[in-house]
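So the sequences go chain by chain: A and B. Just so you know, the first sequence maps onto residues 1 to 210 in my numbering. Just so you know, the second sequence maps onto residues 1 to 210 in my numbering.
Note that these hints are calculated values from the structure, not bench results. Treat the hints with care, as some may be off.
Identical copies carry no separate label here, and so any pair may be met within one copy or between two of them.
SDA-like mimics (lysine to any residue), calculated; alpha carbons at most 25 angstroms apart, straight line [stated by the list, open to error]: (1) K135 with A45; (2) K135 with F118; (3) K135 with H34; (4) K196 with P206; (5) K81 with N61; (6) K186 with P206; (7) K135 with R33.
There are 2 protein chains.
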Amino acid sequence: MITLHHLEYSRSTRIIWLLEELGVEYEMVRHQRHPETMRAQADLAAIHPLAKAPTAIIDGNLMMESGAIIEYILEQYGEGKLAPAPGSNDRAEFLEWLHFAEGTLANPVIVQMLAPRFGGLGEGYAPFVEGEVVKLLDYVEHHLDNREYIVGDSFSGADINIMYVIELAMAAGMLANRPACADYGKRMMARDGYRKAIELGGPVVPSLGG
Amino acid sequence: MITLHHLEYSRSTRIIWLLEELGVEYEMVRHQRHPETMRAQADLAAIHPLAKAPTAIIDGNLMMESGAIIEYILEQYGEGKLAPAPGSNDRAEFLEWLHFAEGTLANPVIVQMLAPRFGGLGEGYAPFVEGEVVKLLDYVEHHLDNREYIVGDSFSGADINIMYVIELAMAAGMLANRPACADYGKRMMARDGYRKAIELGGPVVPSLGG
Chain A
1 MITLHHLEYS
11 RSTRIIWLLE
21 ELGVEYEMVR
31 HQRHPETMRA
41 QADLAAIHPL
51 AKAPTAIIDG
61 NLMMESGAII
71 EYILEQYGEG
81 KLAPAPGSND
91 RAEFLEWLHF
101 AEGTLANPVI
111 VQMLAPRFGG
121 LGEGYAPFVE
131 GEVVKLLDYV
141 EHHLDNREYI
151 VGDSFSGADI
161 NIMYVIELAM
171 AAGMLANRPA
181 CADYGKRMMA
191 RDGYRKAIEL
201 GGPVVPSLGG
Chain B
1 MITLHHLEYS
11 RSTRIIWLLE
21 ELGVEYEMVR
31 HQRHPETMRA
41 QADLAAIHPL
51 AKAPTAIIDG
61 NLMMESGAII
71 EYILEQYGEG
81 KLAPAPGSND
91 RAEFLEWLHF
101 AEGTLANPVI
111 VQMLAPRFGG
121 LGEGYAPFVE
131 GEVVKLLDYV
141 EHHLDNREYI
151 VGDSFSGADI
161 NIMYVIELAM
171 AAGMLANRPA
181 CADYGKRMMA
191 RDGYRKAIEL
201 GGPVVPSLGG
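Build out the structure end to end from the sequences listed, making use of the hints.
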C-alpha cells in the first residue's frame, strides 16, 4: 500500500513517474505551495515535520528523500525492474548515479537557478556555485555522449532521480550548449511514464520568470 | 579488491571507518588538499575528473558518492552486517537516513559553516540557509532523543554517513544546545572503528579558525 504526498512543482513528480513506469497502484494526496513564498504549507507539515517532497507512506513506513523512496519501492514492488540487482554488473554505477543526483548535482543547479530570487548569493559564493554547475553539468554531458540512459543500456530509477535536475537545468537555459544532456532530457520526457506523471502531477517547473 | 583514495579532512574518512568496522582489507592512497584553496588537487583529478572524496575503486568499479560507496561495500563485503536486509523492518528508515545525510542535511550545514570563508552568502540566501540548518538539526535532535543509533537499535552505515555532518556541526558549535546530537556524536567517536579511521586518515575537521 503506497500513499504518495505530491507537492506541485516538486521532486515528488519523480515518484509518480516511477510508479507509473512500474504499473504499481498507489493513492495520491495533492499539496499546493504557498502562492507567495512557494514553500510547502501546513497540510504537508502535518504528514511529516520537514514538509519535504516527496513524502510517502509505503507499507506503513513514513519516508522522505527521493533516492531512498526510489530504492525502497524498487526493492518492494519492482520485481527486478528498473534497477540492476545487487551483485550484477551495473550495480555500482546505478548506486552512484542514484546518489549523485541529490548528493552532488541538485544543490548547485537549484541554488544557481534560484539565485536571482534570493537577490544574489554573495561575491564569493556566487562564482563558486557557478563553477560547480559548469563542472558538474559538463561531467554529465560527457557521460551522456553516445549513451541512451544514465546507467548501462536500460532505463532505471537513476534516470528518474537525475531527470528532475536535468529538467530544471533545461528550463533554466543551462543545457543550451550541452546537446547530449538536452537530447537525453527530451528522450526521457517522451516516455509514456513521464508524460503520465506530468498529466497527473502537473509540470515540474512552474515558470522561471522569462 | 578495494582501493580507497583518501583526501585529508574529507568525507572519505567515512569509508575508512566503514572498512575498519567490517574488518575488510583495502589499500589506501593518500591525497592532500591545496594548502591555500583547500581544494583537491591534480593527483585526485587524475583518478576521477571531479576529484571528489571519497573516490574508490571497488572490484574494478570507479566510484564516488559516500552513500553509494557505503551501500555497495555493504552489499559486496558486508555479509549482512551494518545494514538491515531488503524486506526487513528497518530497511526503509535505513535507506532514508543514508540518503538524508547528503541529500538534505550536509549542504546547508557545510555552506553555513564555510560562509565566512566566502565573505557571506548574500542578504536573502544567508538567512534561508541558517533557517534550514536550524530546522534540520532540530529534526535530527528530536529523532536522536532517547536513541542509541540513527536507525533501529544497532550501528549501521547510516550512522557513518550522517556522522560526518554531525561532526562538522559539532566543530562549528551548532550542537551547543542540541544535547542528543552532541551525545550521539561523542558515542560514535568513541567507537574503535572511528578511532582507527582518525588514526589512519587524520582528523575530519582541520580547524575552523577559532
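Each hint, compared with the structure:
1. K135 with A45: between (35 angstroms within a copy, 12 angstroms between copies)
2. K135 with F118: Classified as both; 23 angstroms inside a copy, 19 angstroms across copies.
3. K135 with H34: between (33 angstroms within a copy, 18 angstroms between copies)
4. K196 with P206: For K196 and P206, only the intra-copy Cα distance (17 angstroms) is at most 25 angstroms; the inter-copy one is 50 angstroms.
5. K81 with N61: Both, since 22 angstroms and 22 angstroms are each at most 25 angstroms.
6. K186 with P206: So K186 and P206 pass the 25 angstroms test inside one copy only (18 angstroms; across, 44 angstroms).
7. K135 with R33: Intra 32 angstroms, inter 19 angstroms, cutoff 25 angstroms: inter-copy only.
Figure legend: structure checked against the earlier numbered hints; every hint is met.
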